[in-house]
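Peer 1: Residue numbers (the working numbering), protein chains in the order written: chain A, 1 to 258; chain B, 1 to 575.
Don't read these hints as lab results, they were simulated from the structure.
Partial pick of chain B residues on the chain A-facing surface, computed with a CB cut under 10 Å: (1) P255; (2) L329; (3) A342.
Note that CB positions come from ideal geometry on N, CA and C, so glycine has one too.
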Amino acid sequence: MRFLKQFLPIVASAHGYEVDRVIYLIHILMFLLFIGWSVYFVVVLFKFRRKRNPKANYKGVHSHVSTVVEMGIVLFEAVILLGFSIPFWVKNVVALPRGGDVFEVRVNAEQFAWNIHYSGPDGIFGKTDWKFFDKQSNPMGLSPDDPAGIDDVTTINQLHLPVGKTALIYLTSRDVMHSFSLPVMRVKQDVIPGMRIPVWFTPIRKGSWEIACAQLCGLGHYRMRGFLTVHSLEEFKAWLLEQSASSGKDEKHDDFWN
Amino acid sequence: MNPHHDSHRMHVFRKYLFSIDHKVIGIQYGLTSLFFLLFGFSLMMLMRWQLAFPGTAIPFIGKFFGESRAPGGIMLPEFYNELGAMHGTIMVFLGVVPLGVGCFGNLLVPLQIGAPDMAFPKLNMASYWVFFLGGLTMLFSFILPGGAASSGWTSYPPLADIATIGQTVWLIGMVFLITSSLLGSINFITTVLQLRTEGLTFMRLPFFVWSQLVTAFLLLLAFPPLEAAGILQLMDRLAHTSFFLPSGLMISGEPLKGSGGGSVLLWQHLFWFLAHPEVYVILLPAMGIVAEIIANNIRKPLWGYTSMVYSVLFIGFMSFIVWAHHMFLTGMGTAMSSFFQATTMIISIPSVVILSCLFISLWGGSIRLNTAMLFALAFLPMFGMGGLTGLPLGLSVSDIHLHDTYYVIGHFHYVVAPGVIFALFAGIYHWFPKFTGRQMNEFLGKLHFWPSLLLMNAIFFPMLIQGLAGVSRRLYDGGLQYAHAQGVLSLNKVSSYSAWALAVAQLPFIFNFVFSIFKGKKVTSDNPWEATTLEWQTPTPPGHGNFETTPTVYRGPYEYSVPGASRDFTPQNEP
Chain A
1 MRFLKQFLPI
11 VASAHGYEVD
21 RVIYLIHILM
31 FLLFIGWSVY
41 FVVVLFKFRR
51 KRNPKANYKG
61 VHSHVSTVVE
71 MGIVLFEAVI
81 LLGFSIPFWV
91 KNVVALPRGG
101 DVFEVRVNAE
111 QFAWNIHYSG
121 PDGIFGKTDW
131 KFFDKQSNPM
141 GLSPDDPAGI
151 DDVTTINQLH
161 LPVGKTALIY
171 LTSRDVMHSF
181 SLPVMRVKQD
191 VIPGMRIPVW
201 FTPIRKGSWE
211 IACAQLCGLG
221 HYRMRGFLTV
231 HSLEEFKAWL
241 LEQSASSGKD
251 EKHDDFWN
Chain B
1 MNPHHDSHRM
11 HVFRKYLFSI
21 DHKVIGIQYG
31 LTSLFFLLFG
41 FSLMMLMRWQ
51 LAFPGTAIPF
61 IGKFFGESRA
71 PGGIMLPEFY
81 NELGAMHGTI
91 MVFLGVVPLG
101 VGCFGNLLVP
111 LQIGAPDMAF
121 PKLNMASYWV
131 FFLGGLTMLF
141 SFILPGGAAS
151 SGWTSYPPLA
161 DIATIGQTVW
171 LIGMVFLITS
181 SLLGSINFIT
191 TVLQLRTEGL
201 TFMRLPFFVW
211 SQLVTAFLLL
221 LAFPPLEAAG
231 ILQLMDRLAH
241 TSFFLPSGLM
251 ISGEPLKGSG
261 GGSVLLWQHL
271 FWFLAHPEVY
281 VILLPAMGIV
291 AEIIANNIRK
301 PLWGYTSMVY
311 SVLFIGFMSF
321 IVWAHHMFLT
331 GMGTAMSSFF
341 QATTMIISIP
351 SVVILSCLFI
361 SLWGGSIRLN
371 TAMLFALAFL
381 PMFGMGGLTG
391 LPLGLSVSDI
401 HLHDTYYVIG
411 HFHYVVAPGV
421 IFALFAGIYH
431 WFPKFTGRQM
441 NEFLGKLHFW
451 PSLLLMNAIF
461 FPMLIQGLAG
471 VSRRLYDGGL
481 QYAHAQGVLS
491 LNKVSSYSAW
501 ALAVAQLPFI
511 FNFVFSIFKG
521 KKVTSDNPWE
531 ATTLEWQTPT
541 PPGHGNFETT
551 PTVYRGPYEY
561 SVPGASRDFT
571 PQNEP
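Chain A extracted, bound-state conformation (with noise of 0.2 Å):
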């Protein structure tokens, strides 16, 4: 399938090989089915058109070969949807990872940014209200009273991940509709207002990559665009130490990509 690889992005996280194997297997589905459709199709009316076959056969097929080929098809689908699909969905998007591995993060979608909530360097995420909002200085609401929040980091449009660590990233949106979408990690999951979705994958390679919204979300959708950057362990560490002893300080935000 090195065929259809080239068209995809390429894989930075761990799930994303299992993604792409049912991309590559159904796409073997199709394209056997539709090559042989068309091999079938180009000699049936070569060989059966009026010219050269001026006098039609009430009968036509007798083979039930046709049978085979539905009975092929479904045990396929099957073998795909039962081997692969589900399994993966239970595995990979229902089950949620546990333990000292999982690093969390919140996201907050509004038109047209990402606003990204980190714990800091104590762990705990501050309390949040809307009540302290404020666009530019505190985009998540966050309490001035609970000593939690003091070391917390806010970033809008950044997203910085350790490598080798699993994100659990929850998501929601204070306006409308839209989706996180990591495209080299295969991650895309609704941002729905409402609701506060879980999604979660391990990035295996450092990098910058891009976050794309891919619901229509208004006039800005095509710039509500983030950015995503998967560094080691040591430099992500001194990344979030460093934005956390100037959070609070002052207004300046990350300026990482720019």
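Let chain A serve as the given structure and place chain B on it in line with the hints.
Peer 2: Here is chain B on its own, set in the frame of chain A:
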């Protein structure tokens, strides 16, 4: 027997405008929906400029759109979204469906079952005029402040709840269109169940009639939930209810008045409960048309007619329980995602069966390649492409990568454009002589077919590649901002040039259609294609009341090349 033989004395308004004759109503539906197809296509051609050359002025016509839409001829994102939402709405609800159901269904169902008219002629007329009002409402919405609806044809709240007034008018327009469909569907069901002529048992029905019967049930049962949802959204917008608005929404940093307690996903479930069956409302009449034309032009019976009938019934039933495959990424659990994946895989099987039967039917035929047949044959591989590309979207895992990308756009356009619309073209070329007494020009027909086939593929195949690369749909600049889109950005130009060329390729059709009405070659027989089904056993064009004597049916619909018969076709009503 014919109660309407004094029709020539009817007032011209009664005869052509407020007619209750199913054929006149069918033609009214046909002309209206052809207009909307062209209009909806024009909206897309504008969008294709912005996609191919983002941020540059639209040549020649850009200056006519005004400061609020395209200052200096450069399209604004608001205008792009408006065009997108209205392209989808118009093509589906005012173009393809009314052509397949309103036009072909009306023209052919009573004739093919040997009936003098539809069961409720006045209801039929009401259905058209309510549809017409719906169309006018949609057109009118373009002149509102803020323009027409701009939240996608899917109108997902909260975006649609907070959109400009165009969305309100869109909802009102939809209520008209849904009402029209409901009136029509009751009529089709009653007509097929009650008015079949003597001897026309269910298993002798032409496949087209089966496809219309199943379609009518889909419309009848699937549209009411959307009508209810539309009215709830209308209330959210006008009466400040919050059926679809959860608590604590903030728009541009300001709390949204009245929001609270509602569910965003409620709309999606109600919407897709209609909109998936709607896919089959689009598709089934096209399959019916293709089956008729293929049977006629291979000069032999369809292979596996019985399997095709059971398949179409099964599709109709299954289409009600696949809807949430449009919602795999809304955070659904294993039970739901497994169920809807399984039903989606299952519904692919009867489609494969129908397609296989049509392919196998060709074997042993004496294939006549006229324009209608070319379009009908092209439907097979093109619908095949559309159907097959649906599989990776129907599996929740591959859908993670492909959902809301151009892959989806490529997929459903393969189904609808070179699939369904080609079938509709085939139908126009095929049945034109019956209703006008003249044939369309074959050379112009082929000049229409070959470039259209090539260009359709040049428009939609690149979209599949863009989708695999992960480019989101509905982007005003076609992905210009995104690094991951750069490698496939140039394909936007391929699609755009092909779309504009496709418009040119429709000129032979438009000319042929209009010219042939007045000056086309006159048919010398009531049955120029030597067909077996009942619509060809009428005068040309059939008068009000259709048949001169009520036909009696003695056999199945496709008795071609019967061994021992004197001719290669034996009409259903021949003793």
